[in-house]
Amino acid sequence: MIINLDFFLSQSNQFLLPSKKSYLLLSFGLFYMPSLISQEVDTTIFAPIGAIWSAAYNSDHMTATRDTFILGHNARVLEKFWTCKSFWSPDMPCNEQGLTLWNTAVLREEIIYTQGSQVYHFLEDSFYLLYDFNLTPGSTMVIHTRDRLHSTLIVPFQIYIDAVDTVNIDNHQLRAYHIREYDTDPSFYRFTGWVTERFGKEFYPFPFNNQDEDIFGFPFVASCYEDFEVQNATSDGCVLSFNETNYVPVGLYPNPANSMVNISIDPSFTNLKKIHIIDLFGKKHLSANINGNSTSQLFIEALPSGYYFVQADGASTSVPLIITHH
86 MIINLDFFLS
96 QSNQFLLPSK
106 KSYLLLSFGL
116 FYMPSLISQE
126 VDTTIFAPIG
136 AIWSAAYNSD
146 HMTATRDTFI
156 LGHNARVLEK
166 FWTCKSFWSP
176 DMPCNEQGLT
186 LWNTAVLREE
196 IIYTQGSQVY
206 HFLEDSFYLL
216 YDFNLTPGST
226 MVIHTRDRLH
236 STLIVPFQIY
246 IDAVDTVNID
256 NHQLRAYHIR
266 EYDTDPSFYR
276 FTGWVTERFG
286 KEFYPFPFNN
296 QDEDIFGFPF
306 VASCYEDFEV
316 QNATSDGCVL
326 SFNETNYVPV
336 GLYPNPANSM
346 VNISIDPSFT
356 NLKKIHIIDL
366 FGKKHLSANI
376 NGNSTSQLFI
386 EALPSGYYFV
396 QADGASTSVP
406 LIITHH
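Numbered per this note's numbering, the sequence shown finishes at 411, counting up by one with no gaps.
These are calculated hints, taken from the structure and not from any lab test.
Do not rely on the hints blindly, as some may be mistaken.
What the hints assert, rightly or not - The calculated label-pair distances, taken between Cβ atoms and stated as ranges, are:
#1 Gln-258 - Glu-209: 35 to 41 Å
#2 Ala-373 - Pro-241: 43 to 49 Å
#3 Ser-211 - Tyr-245: 22 to 28 Å
#4 Pro-222 - Asn-253: 18 to 24 Å
#5 Thr-221 - Gln-200: 17 to 23 Å
#6 Leu-238 - Phe-366: 24 to 30 Å
To be verified - Dumping the calculated SDA-like pairs for lysine to any residue here, alpha-carbon to alpha-carbon at most 25 Å:
#7 Lys-286 - Ala-248
#8 Lys-369 - Gln-200
#9 Lys-368 - Ala-387
#10 Lys-368 - Leu-383
#11 Lys-358 - Gln-382
#12 Lys-165 - Leu-208
#13 Lys-165 - Leu-220
#14 Lys-358 - Asn-347
#15 Lys-368 - Asp-398
Positions of the beta carbon are idealized from the N, C-alpha and C atoms, including for glycine.
Construct the complete structure from the given sequences, taking the supplied hints into account.
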């Protein structure tokens with residue numbers, strides 16, 4: 086089965102979508118991850134930095150922006166932006182529609198992390214399973230969502246996996262599965278349809294209560310990289326980019342490390358001044374200045390054995406480091 090963006094457009098709310106045909110272009114970031122923890126920190130399956138879910142170029146969209154550390158997981162932040170003028174005439178300010186939105190506002194942040202073939206979604210104070218790309222037809226899975234858009238109450242509902250397939254998108258073979266809500270009206274949580282690697286559920290990647298009066302539009306139809314150096318990009322298609330936005334290549338040696346680790350940064354990133362060793366809960370333990378082409382050396386004997394991450398100031402992504410004391 087071959088999917089292009091026309092498939093997603095046909096499944097979504099028509100008045101929110103661009104009228105022209107669009108084609109989905111995806112890119113795969115390449116990361117070096119130590120094998121012992123690659124299942125925990127590999128985010129190439131879902132939401133690489135710079136991935137954008139959008140109905141039209143530079144209007145209503147959600148963007149994967151940075152790494153964060155929550156409950157011992159190296160997670161990723163997705164920011165939802167709403168540009169009011171994409172729905173109404175440019176001459177009609179938002180407040181004339183009785184709304185209190187700014188012209189462009191961050192409505193909320195969603196946080197996810199990937200572990201192997203599974204994607205987890207952070208809600209209030211816990212992570213819940215959102216996607217599993219190793220499912221088989223006939224399987225069921227419990228999904229969680231907010232009772233309402235601004236509610237702190239988390240409610241479960243069950244989905245049923247109808248079919249599993251492989252789809253060809255931009256010459257990449259991606260896993261996909263079709264789901265439907267098991268015991269609820271299919272339109273209640275808007276979580277019936279195809280789920281595909283890299284960008285998740287068609288129409289919108291997260292479930293939500295479709296009966297919620299606080300919700301008046303989710304115009305997402307697919308994810309892609311938009312190259313912002315191309316100023317004339319339109320809804321005719323997204324421009325392919327092979328690099329994560331704001332991804333900083335960090336070299337670590339040795340890794341795993343025992344008493345000392347050498348850390349080097351690509352010298353082209355001249356604006357970066359410091360690097361940090363961070364634990365799974367986001368606490369900074371050691372820092373060092375970046376000296377251009379030279380390699381910074383950190384002594385780590387005082388740090389307990391375990392998993393850590395190295396991150397530079399101003400960088401969105403982090404690199405895993407294993408510390409082992411024999």
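So, going through the hints one by one against the coordinates:
About 36 Å separates the C-beta atoms of Gln-258 and Glu-209, a value consistent with the hinted range of 35 to 41 Å. The hinted window of 43 to 49 Å between Ala-373 and Pro-241 holds, with their beta carbons roughly 45 Å apart. In this structure the hint that Ser-211 and Tyr-245 lie 22 to 28 Å apart at CB holds, the actual value being about 24 Å. Range check, Pro-222 to Asn-253: Cβ separation about 20 Å, and the 18 to 24 Å hint holds.
The given range of 17 to 23 Å is respected by Thr-221 and Gln-200, whose C-beta atoms sit roughly 19 Å from each other. Separation of Leu-238 from Phe-366 is about 26 Å and conforms to the stated range, judged on CB atoms against 24 to 30 Å. About 14 Å separates the Cα atoms of Lys-286 and Ala-248, which keeps this hinted pair within 25 Å; it holds. Taking the CA atoms of Lys-369 and Gln-200, the gap is about 23 Å. The hint holds against a cut of 25 Å.
Proposed proximity of Lys-368 and Ala-387 is supported: the alpha carbons are some 15 Å apart, at most 25 Å. Between Lys-368 and Leu-383 the CA atoms are separated by roughly 17 Å; this keeps the pair inside 25 Å, and the hint holds. About 14 Å separates the Cα atoms of Lys-358 and Gln-382, which keeps this hinted pair within 25 Å; it holds. This hinted pair checks out: Lys-165 and Leu-208 have alpha carbons roughly 15 Å apart, not beyond 25 Å.
A hinted pair counts as satisfied when its Cα atoms are at most 25 Å apart, and Lys-165 with Leu-220 does not qualify at roughly 28 Å. Among the hinted pairs, Lys-358 with Asn-347 is consistent with the structure: their alpha-carbon atoms are about 16 Å apart, no more than 25 Å. Between Lys-368 and Asp-398 the alpha-carbon distance is near 14 Å, which keeps this suggested pair within the 25 Å criterion.
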